[in-house]
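Visitor: Numbering (UniProt numbering), first residue to last: 1 to 241.
The hints are simulated quantities; they were obtained by calculation from the structure and are not laboratory data.
Where a beta carbon is used, it is the ideal one built from N, C-alpha and C, also for glycine.
Where hints are given, some of them may not hold.
[To be verified] In silico EDC-like links for lysine to aspartate or glutamate, alpha-carbon gap of 20 Å or less:
#: 1; residue 1: Lys7; residue 2: Asp35
#: 2; residue 1: Lys103; residue 2: Asp118
#: 3; residue 1: Lys11; residue 2: Glu133
#: 4; residue 1: Lys73; residue 2: Asp35
#: 5; residue 1: Lys7; residue 2: Asp76
#: 6; residue 1: Lys89; residue 2: Glu70
#: 7; residue 1: Lys11; residue 2: Glu28
#: 8; residue 1: Lys89; residue 2: Asp118
#: 9; residue 1: Lys11; residue 2: Glu95
#: 10; residue 1: Lys11; residue 2: Glu70
[To be verified] Ranges of calculated distance between the beta carbons of each label pair, as one might list FRET restraints:
#: 11; residue 1: Arg100; residue 2: Thr138; range: 25 to 33 Å
#: 12; residue 1: Gly135; residue 2: Pro47; range: 35 to 43 Å
#: 13; residue 1: Lys103; residue 2: Leu16; range: 32 to 40 Å
#: 14; residue 1: Met1; residue 2: Tyr44; range: 32 to 40 Å
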Amino acid sequence: MGPLWLKPMLKADYFLPCATHLDSHRSECNLFCLDCITNAFCSYCLPQHKNHRVLQIRRSSYHNVVRVNEIQKFIDISSIQTYVINSAKIVFLNERPQPRPGKGVSYTCEMCARSLPDAFQFCSLGCKLNSMERGSNTEVTFSLKAKHSSDVLDDVPERPRKVHRGMSDDGPTLSSYNSSVVAGSSGSSSISGDEAGHNLSPATPTPSAPTPAAPTPATPPLFNHSNSRKRKGTPRRAPFF
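Start from the sequences and build out the full structure, keeping to the hints where you can.
Guide: This is the structure we're talking about:
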């Protein structure tokens, strides 16, 4: 029915002050450890989860969300509606109440009947989990192995990508939490999206053939200083007859 950490993550209490770091600035609990499977914790508790798989929970209109590029490393979310917020694709953790269905809606969630903008089956991770627990759709799964096995024949080797110079091959560390949260124990270097598909640049430049030496310029003529001192006299006209 899904990984053991999924249901505890959906039911955890987020954005509450951390009981251990009440006096610290920005100590709201918005992190969840997939290995410890305890309640949410704040960034000051992050060193206690070193080398663990940690997800950061965010908020949109008072609803908990998680980024697609973080959660899709651990579960299959292909049947869940995604949204773009602040240039980042996200999915909602749980069902969002909808007072009444919209008019002219083409797609709805199979569990809560919430209107969806695109052709997806579920509006959130929670609705997909509920559908699996009820046995409504036996083809739905959170397993990445099942997804990968069905796509084996479609796999095409990717062309090497160009990596920025000076970029470290190590993943983010605990000290880089303000910029990004460690999702998993193994890190990987980031690659710019607009540079995908380009070949790797050589580490050392290819030696080029030596260029022939330029010919020695001819010696300029000597400057005559005596001619430069002569001044042109006043012009005189021919006499009139």
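Visitor: Is the straight-line distance between the alpha-carbon of Lys89 and that of Glu70 20 Å or less?
Guide: Roughly 10 Å separates the two Cα atoms, so the pair holds.
Visitor: Would you check the hint for Lys11 and Glu70, treating anything up to 20 Å between C-alpha atoms as holding?
Guide: holds (19 Å)
Visitor: Do the beta carbons of Met1 and Tyr44 sit within 32 to 40 Å of each other?
Guide: About 33 Å separates the Cβ atoms of Met1 and Tyr44, which means 32 to 40 Å holds.
Visitor: For the pair Gly135 and Pro47, does the Cβ-Cβ distance stay inside 35 to 43 Å?
Guide: At roughly 42 Å between Cβ atoms, Pro47 and Gly135 fall inside 35 to 43 Å, so the hint holds.
Visitor: Given the hint that Lys7 pairs with Asp76, test it: the Cα-Cα distance must not exceed 20 Å.
Guide: OK: Lys7 and Asp76 at ~15 Å, within 20 Å.
Visitor: Does the alpha-carbon distance linking Lys103 and Asp118 stay inside the 20 Å limit?
Guide: Answer holds: Lys103 to Asp118 is near 15 Å, not above 20 Å.
Visitor: For the pair Lys103 and Leu16, does the Cβ-Cβ distance stay inside 32 to 40 Å?
Guide: Holds, since Lys103 and Leu16 (Cβ atoms, about 38 Å apart) stay within the stated range.
Visitor: Lys89 and Asp118 were given as a pair; does the straight-line alpha-carbon distance stay at or below 20 Å?
Guide: holds (14 Å)
Visitor: Under the criterion that the straight-line Cα-Cα distance not exceed 20 Å, is the pair Lys73, Asp35 satisfied?
Guide: Holds: Lys73 and Asp35 sit about 14 Å apart, inside 20 Å.
Visitor: CA of Lys11 to CA of Glu95, is that 20 Å or under?
Guide: It holds: about 12 Å lies between the C-alpha atoms, which stays within 20 Å.
Visitor: Hinted pair, alpha-carbon criterion (20 Å max): Lys11, Glu28. Please report holds or violated.
Guide: holds (17 Å)
Visitor: For Lys7 and Asp35, compute the direct alpha-carbon distance and say whether it is at most 20 Å.
Guide: It holds: about 13 Å lies between the C-alpha atoms, which stays within 20 Å.
Going through the hint list in order, the structure satisfies each hint without exception.
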